[in-house]
Amino acid sequence: MAREMWKGNEAIAEAAVRAGVEAYFGYPITPQNEVLEYLSHRMPELGRAFVQAESEPAAINMVYGAACTGARVMTSSSSPGISLMQEGLSYIAGTEVPMVLVNVMRGGPGLGNIAPSQGDYNQICKGGGHGDYHPIVLAPASIQEAVDLMPVAFELAHKYLNICTILIDGSIGQMMEPVTLPEMQPVIRKEYDWAVSGAKGRKRHLLSSIYLDVPTEEKVNLRILGRWREARENEIRFKEYYLDDAEYIIIGFGTAGRIALSAVRAARAQGIKVGLFRPISVNPFPYKRVEELCKQAQSFLVVEMNTGQMLKDVQVAVRNRVPVRFYGRLGGVMPFPDEFVTEIQEMIKNPGKPEDDPADLWYQRMIAR
Amino acid sequence: MVATIINPENLVYARPKGFTDTPSHYCPGCTHGTAHRLVAEVLEEMNVLDKAIGVAPVGCAVFAYNYIDTDFVQAAHGRAPAMATGIKRVWPDRVVFSYQGDGDLASIGMAETVHAAARGENITIIFINNAIYGMTGGQMAPTTLPGMKTTSSPNGRDVETQGYPIRMAELLATLDGAGYIVRRSLHDPANIRKAKKAIRTAFEAQVHGLGFSLVELLSTCNTGWGVTPIQSLAWLEEHMIPAFPLGDYKIAPEVAALKI
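Residue numbers (this note's numbering), protein chains in the order written: chain A, 1 to 369; chain B, 1 to 260.
No lab work stands behind these hints, which were simulated from the structure alone. As the structure is a computational prediction, the values presented were derived from the model and not from experiment. Errors might be hidden in some of the hints.
As the list claims (entries may be wrong) - Quick list of the computed label-pair ranges, beta carbon to beta carbon:
(1) B:139 x A:367: 46 to 54 Å
(2) A:288 x B:162: 52 to 60 Å
(3) A:131 x B:10: 47 to 55 Å
(4) A:194 x B:160: 44 to 52 Å
(5) A:155 x B:147: 53 to 61 Å
(6) A:122 x B:162: 36 to 44 Å
(7) A:192 x B:147: 36 to 44 Å
(8) A:122 x B:170: 54 to 62 Å
(9) B:194 x A:28: 38 to 46 Å
(10) B:156 x A:227: 24 to 32 Å
(11) A:312 x B:156: 31 to 39 Å
(12) A:28 x B:20: 54 to 62 Å
(13) B:92 x A:131: 30 to 38 Å
Beta carbons are placed, not taken as given, at the ideal position from N, Cα and C, and that holds for glycine.
Put together the whole structure using the sequences plus the hints.
Structure representation (structure tokens):
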């Protein structure tokens, strides 16, 4: 397959098409508009469903309806739009039907701006909508990785009857890079024993998230948790760089992880034995692997484009075994590799203590600037 | 066994095939049961029970699927037209309908309703207008009449501060995507028969791909209105019909040409 220049949002849209997405419903919001625009011509061309909805709540509820048919279905949006979709996402989780969500994060809170941010990690990974549920979240760091994860996202959503989110930020959505797109896959519509299609020759199917009988609702919650525990066991994904001899380890996901790789290479050029651990499945988070890395690392540096949201997950894994340092940029500011290199140097000079609060120390440094 | 003592030749009334044998959870006197039955009868008569997919609302009819015996999904409050859109776009040859009350359809779901109609979404909506929120205990609805007492307009709906009722059939009829928009009532047998015919026409419009169809049914909520079932039927006729005139608000020429 040829390597071609693609814009992130369009490549993701085409990758979804090739992964057999049958229905897309969305609403314009920057910086994800190109997903919607691209699919507005590509889906009808293939005889597949596309609707530009009147709002994000409408879009996610169209997704909800289509998901109830068992078709491969997706939507895409960006931070404020994702907030509007939380109602539908909770219903979809509660009804146990599969869907793929692409979230192209931007600066917030509120209307914020249209610059790249990672401020919605908690919202996406920890549920967002009401009730106990755990969406699967994959965070690619390049357009190629996003493209490669699209079929995986559909497979995971259908395997675990769950929401699978591709979590990127505006920079991955908007930039262009060379990518190899996968071959077109045939549309797969399985005959699920739960999907609605008209009760021809079978008992009727009912799909709902209402369980007025409280013990039944508890059982449903346990069933949802059971599938999540399975996903937690089987679906951990991460990438490691220069870790073989690394004494210091940076942890970052998505764009922050990608920038960190440049920083690691620059620091290596200075003779610093530093490596990068980049979680791809941020939910389920690779806690065990981070725990193992505590044996090797003298300290960790967590980098994010938020106030330290993934940091909390790292701290759960590290459990004060070694010092953790944090560095974040906020509100749509993209960090430069140099900033991370400086942080690595500072960390080596002053590693701190394992019980230090990295988010607090970072905040003190930020306001002292 | 009732079935054994009935002479089949004399049978004039039976449970439709599309209606499950489930004790009703609706209040005695409520017209939801009538509306449910009409939908079940029509789907059976059209022979589409095995290709119909219903979308239940949030409100008293949240359990519509306990009675109407087809595949069913249950939507978030007001989102049934969006959910029906998602299903219909994946299964264009299925019969997709939602069943919604006034709070669901005309308040929280106003955008979903209007835009489904504007898109000419090929779905059918059965809209129950009883001028009140029944399930949550009788609060003011977008269709509550001026001066009407509810638990959230205890002194009567004051149009100065609480606005005016919305006439959905009239509003939707202005949209080019709407193929069939009518208002009927369930307060007496003659009107119930007219309502059934309208429901049939609405589903036929969908089967023939003629765009968005909606039947608004003026209904009673004797519990929420604080009257007896019989009083509620009289109240509907006396107060609701003048405010929400019965009639055909939009019948596309293709729908009018259907032989039913």
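Results for each hint:
no.	hint	result
1	B:139 x A:367: 46 to 54 Å	holds, 48 Å
2	A:288 x B:162: 52 to 60 Å	holds, 58 Å
3	A:131 x B:10: 47 to 55 Å	holds, 53 Å
4	A:194 x B:160: 44 to 52 Å	holds, 50 Å
5	A:155 x B:147: 53 to 61 Å	holds, 59 Å
6	A:122 x B:162: 36 to 44 Å	holds, 39 Å
7	A:192 x B:147: 36 to 44 Å	violated, 51 Å
8	A:122 x B:170: 54 to 62 Å	violated, 46 Å
9	B:194 x A:28: 38 to 46 Å	holds, 43 Å
10	B:156 x A:227: 24 to 32 Å	violated, 52 Å
11	A:312 x B:156: 31 to 39 Å	violated, 53 Å
12	A:28 x B:20: 54 to 62 Å	violated, 43 Å
13	B:92 x A:131: 30 to 38 Å	holds, 33 Å
When each numbered hint is compared with the structure, violations occur for hints 7, 8, 10, 11 and 12.
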